[in-house]
Amino acid sequence: MPEIKKISAPLDDKAVALLRAGDEVLLSGTIYTARDAAHLKGIPFKVKGQVIFYAGPTPGKNSLVGSIGPTTSSRMDRFMPDLLKKGLKGTIGKGTRSEKVRQLLKKHKAVYFTATGGVAALMGKKIKKAEPLAYEELGAEAVLKLEVSELPLIVAYDAQGGDIFEQGRKKYEVK
Amino acid sequence: MREIEAIKIKDAVRDLCLEANFDLSPDMRSALKNASLKESSLHGKRVFKEIEENSEVASKDKLPLCQDTGSAMVYLELGQEVLIIGGDLKESVNEGVRLAYDRGDLRKSIVSDPLIRKNSGDNTPAFIHIDIVPGDKVKIGVLPKGGGGENSSALKMFDPTASRKEITEFIVERVKESGPRACPPGILGIGIGGTFDTVAGLAKKALLRPVGQQNSRADIANLEKEILKEVNKSGVGPMGLGGKVTMLAAHVETAPCHIASLPVAVNFECHAHRYKEKVL
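For the record, the sequence lines run as chains X and R. Each residue of the first sequence is one higher than the last, beginning at 1 in this note's numbering. Each residue of the second sequence is one higher than the last, beginning at 1001 in this note's numbering.
If you are wondering where the hints come from, they were derived from the structure by calculation, not from laboratory data. Mixed in with the good hints there might be a few duds.
Label-pair restraints from in silico Cβ distances [as the list claims (entries may be wrong)]:
1) ASP1061(R) to LYS46(X): 31 to 39 Å
2) GLN167(X) to ILE1128(R): 39 to 47 Å
3) PRO132(X) to ARG1029(R): 30 to 38 Å
4) LYS1176(R) to LYS14(X): 31 to 39 Å
5) GLY1147(R) to GLU137(X): 30 to 38 Å
6) ARG1217(R) to LYS5(X): 45 to 53 Å
7) GLY29(X) to LYS1038(R): 31 to 39 Å
8) ARG1029(R) to VAL174(X): 26 to 34 Å
9) LYS1156(R) to ASP77(X): 25 to 33 Å
10) LYS5(X) to ASP1061(R): 26 to 34 Å
11) GLY29(X) to PRO1026(R): 36 to 44 Å
Bear in mind that the values here come from a model prediction, so they are computed numbers and not experimental data. Glycine residues also receive a C-beta, built at the ideal position from the N, C-alpha and C atoms.
Assemble the whole structure, with the sequences as input and the hints as a guide.
Here you go:
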């Protein structure tokens, strides 16, 4: 069983270089939620080194976050060229992303993590603190600043061109 | 005529919305359990484990299984001898949804207009289907339906001479293109026949059956088996990470159609398949 890597956000080039597609990681530190509408309005914080989680949580009973999980990342592909240029180091979502994004991740030394969808009650337990940062009027699509502890993720695309979805499918496809 | 108070319908809808979002149903749990034994990929096994742990946490702490608590799809089978009194039927359904999504801390995921896209604030309107049936009962079914599976779904108007093989290939291609998006391992609802609008309804209706229950017609049951076998050859696997199990079941519903048409629709459903029903 390959070991699970513990990493922390914000990320730097050195940390990104160690990651390979398929690696299981536990991410701790500060990350931000942003979905389609927030990307369109403009990411309201400095993205250098940061990690964006494509997520819109349910409201918690005593906190901002109850259950949380990833939404489909490819919808945000169009915003990636600009954000990667500005130094965005990581994104968390689900699903494949375009070939263009894969190449840009290599160029800008950034990584894409996949989080399991639909295990949101479990994932919500990893959010230690949540504060609203911007666009509260968007409700579920608001930008939140999250303190996370050991958020379980898998490296989907690394900065060397590795792709877990392609690797996985090729291995298990029956022709 | 049997009188049923609208408030009872409101209460039932409210309770079913909550139950569906917190408690994974027994047939889904057992389908997942059986499938997990077939999965050999390490990432795949991890996903199955997370799904099981999640269902326990969600049920215990009354937290939604998935943060996408979905569009509230509500299916009413109204006995033709029933008289709804004390309120408007559709408004009662909407009020039930409103209450559940507010008090249950569920996510408000509906925009009132598809182009302007302002959140409606209360997860209404519900998407209501009403069928009139014989008798004096009301059956209420609630299916919170997330966005991922919906966005993978597809419809094609085939030539009437198209073969079962061609239909199967269309579905397998959709599963491959969809990859991780609909959060596999899920289930496929497939409609064959009807009209352009009703075939999609058939596909969705196919999701309301207990998971893995086959169509009562032997030839359709065989088609279901064949489709399931072929989609699982795709290698997409749990969350698209690669594996032997991509779908847990394929349910096909058929209906008569025009001599020049063969409509086919496939509605994807994720592993947070949430359907609860009650009879009043």
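> Per the hint of 30 to 38 Å, is the separation of the Cβ atoms of GLY1147(R) and GLU137(X) within bounds?
Replying inline: Check failed, 21 Å falls outside 30 to 38 Å.
> PRO132(X) and ARG1029(R), beta-carbon distance inside 30 to 38 Å?
Replying inline: holds, 36 Å
> Okay, LYS1176(R) versus LYS14(X) on CB: inside 31 to 39 Å?
Replying inline: Since the Cβ atoms of LYS1176(R) and LYS14(X) sit about 37 Å apart, the hinted range of 31 to 39 Å holds.
> Has the hinted range 45 to 53 Å been met by the Cβ atoms of ARG1217(R) and LYS5(X)?
Replying inline: Given range 45 to 53 Å: holds, Cβ gap about 51 Å.
> Taking the CB of ARG1029(R) and the CB of VAL174(X), does the distance hold inside 26 to 34 Å?
Replying inline: holds, 27 Å
> Between GLY29(X) and PRO1026(R), is the Cβ distance one that fits in 36 to 44 Å?
Replying inline: holds, 39 Å
> Is 31 to 39 Å a correct range for the gap between the Cβ atoms of GLY29(X) and LYS1038(R)?
Replying inline: Once the Cβ atoms are compared, 37 Å apart, the range 31 to 39 Å for LYS1038(R) and GLY29(X) holds.
> Honestly, do GLN167(X) and ILE1128(R) meet the 39 to 47 Å range at C-beta?
Replying inline: Once the Cβ atoms are compared, 44 Å apart, the range 39 to 47 Å for ILE1128(R) and GLN167(X) holds.
> Does 26 to 34 Å hold as the CB distance between LYS5(X) and ASP1061(R), or does it fail?
Replying inline: holds, 29 Å
> Can the suggested window of 25 to 33 Å be confirmed for the beta-carbon pair LYS1156(R) and ASP77(X)?
Replying inline: holds, 26 Å
> Cβ-Cβ distance between ASP1061(R) and LYS46(X): within 31 to 39 Å?
Replying inline: holds, 35 Å
In this structure, only the earlier hint numbered 5 is contradicted, and the remaining ones agree with it.
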